[in-house]
Amino acid sequence: MSDTPLAPLQFRSAIAEPRAARWALIGIVVLGLGVLLFAPLIAVFAEALTRGWAAALASLGNRDARAAIKLTLTIAAISVPLNAAFGIAAAWFITKFDFRGKAFLITLIDLPFSVSPVVAGLCIVLMFGANSALGGWLVASGYPVVFALPGIVLATVFVTFPFVARELIPVMVEQGRAEEEAALTLGASGARTFLTVTLPNIRWALLYGVLLCNARAMGEFGAVAVVSGKIRGQTASIPITIEMLYNEYLSVAAFSLAALLAMLGLITLLLKTILELRHADQIAATYHH
Amino acid sequence: MHIEIDEISKAFGTTAALHPVSLSIPSGALVALLGPSGSGKTTLLRILGGLEFPSSGRVLFDGHDATGLSVQERRAGFVFQSYALFRHMTVFENIAYGLRARPRALRPTRAEITRRVTKLLDLIQLPDIGPRYPSQLSGGQRQRVALARALAIEPRMLLLDEPFGALDAKVRKELRSGLREIHDETGLTTVFVTHDQDEAMELADFVVVMSMGRIEQIGKPQDIRARPATAFVREFISG
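Protein sequences appear in the order of chains A and B. Per the working numbering, residue 2 is the first one in the first sequence, and the count goes up by one each step. Per the working numbering, residue 721 is the first one in the second sequence, and the count goes up by one each step.
Chain A on its own, in the form it takes in the complex:
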């Protein structure tokens, strides 16, 4: 049987593709990333700086731009903590308890992903606008919702609702209920169990969810455009102001604000990466037992 000489052994990994296929795939990814992600980002910054740093910074110091920045930060500061709390509560409820209609509730949490933000904005206008009974009463009482901060926050909370819950649910499902049950058998109260066992175990997923939620809250356009009324200097957030400036051919001002918004997003991602690098061991320990 051993008459035929054996072909020299070639060591090849079972999961590796031929060299040409590898380079082709890598090339497609790099090209795609370049055209869709990096080039536009660079273009935004380049466009903002066509008349130099001074002009770009001056356009950011403008009264309306400052108001827009302040409004956007206010929106994020209110809606992100609200959604963090909602998200934790929803994920906790869904993953630690058994009840009928769980699948329906999960679908409901995802609703903002599937509903167009414009529709969400219109719903809020219909509910709280001056023409509705509730809205009329609110305006009469001096607390207008539509065309004011409360409406903008409501719209943002709706659109960013799934981010925290969506990050937490898979992690909490994987971690199960055993650690919480162990804490209870050791005499810990429900609140203590939540604070000392549940919360530390989900802290990285929570942070990631909060960062994503924050990025989206600052960048939300559609829903806010409908409910804000686009009152310059009052209800125009950064994305709304960018659109208005762009439509008025003020491209340096528009792109400077756009660059600022992009920067806020990039800083968010940078923060996340730094935290991940610094706490890699702990993240590994809490995700895989």
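Incorrect hints may have been included.
Unchecked claim - Sample of chain A residues at the chain B side, in silico, Cβ under 7 Å:
no. : residue
1   : Pro19
2   : Ala21
3   : Glu48
4   : Glu182
5   : Ala183
6   : Leu185
7   : Thr186
8   : Leu187
9   : Gly188
10  : Arg193
11  : Val198
12  : Pro201
Read the hints as simulated data drawn from the structure, not as lab findings. Only a predicted model underlies this, so the values are computations on that prediction, with no experimental measurement involved. Think of the CB as a built atom: it goes at the ideal place given N, C-alpha and C, for glycine as much as any other residue.
Based on these hints, arrange chain B on the given structure of chain A.
Coordinates of chain B only, in the frame set by chain A:
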């Protein structure tokens, strides 16, 4: 502590996990609940620990009705199947958890907590692993830490759910005698759940054979071997 299970039943929705079962566990006994999966043994253990509540029937601890006691009030040392160690805490913090969770008036001092945790680490023969995290331990070490954590609260009874299930054969043998020694040393009434008949027969004073939510036979290991009460028991212990 004497445990009396009086006509306990449990239904999840429309499926009955336990038909009414009664069982008397004398103080200080080491008892195995033996049966295949789905026999209701884990449900019964969780009812004793207060993690599930029965659909009907009563649990009595030393003659007092304990059916309505919350999981915290039961003071049952519970060892979970996959140990459920707190993964973000060190071994020391894991074992100290139950002591630190006590109301302020009953909480031991910091020095006392350290003393007790050290003593428990000695008891499980792992004196040096206090600063480590659960992910840095072997399966056998985790199991022993889970046991120490359960013992730290000075429990009234010890409940173990498949304590050796996730371990290889050699470690299993060692830990079996380890559990026996700890039981004999503490004198705690101990109930453990297993599907492994050798484990039940070798370790327990009494074996409770369960199937389909019913108790098939209760007896000393040698009696069950010599005189299986039902066809199921005969088949299960020969298999």
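Here is what the structure says about each hint:
Look at A/Pro19: its Cβ only gets to about 39 Å from chain B, farther than 7 Å, so that hint breaks. Restraint check, A/Ala21 versus chain B: the minimum CB separation of about 41 Å is more than 7 Å; hint violated. Using the Cβ-Cβ criterion of 7 Å, the hint placing A/Glu48 at the interface with chain B is not satisfied: the shortest such distance is roughly 46 Å. A distance limit of 7 Å between C-beta atoms decides the matter here; for A/Glu182 the minimum to chain B is near 6 Å, and the interface restraint holds.
Satisfaction of the interface hint for A/Ala183 is found here, the shortest Cβ-Cβ separation to chain B being roughly 4 Å, below the 7 Å cut-off. For A/Leu185, the interface hint holds, since its Cβ comes within 7 Å of a Cβ in chain B; the closest pair sits about 5 Å apart. Given the 7 Å rule on beta carbons, the hint for A/Thr186 holds: about 4 Å separates it from the nearest Cβ of chain B. Residue-level restraint check for A/Leu187 holds (minimum Cβ-Cβ distance to chain B is 4 Å; threshold 7 Å).
The restraint placing A/Gly188 at the interface with chain B holds, with a minimum CB-CB distance near 5 Å, inside the 7 Å limit. Residue-level restraint check for A/Arg193 holds (minimum Cβ-Cβ distance to chain B is 6 Å; threshold 7 Å). Look at A/Val198: its Cβ gets to within about 6 Å of chain B, closer than 7 Å, so that hint holds up. Nearest Cβ of chain B to the Cβ of A/Pro201: about 5 Å, under the 7 Å cut. The hint holds.
Of the numbered hints given earlier, the model fails hints 1, 2, 3; all others are met.
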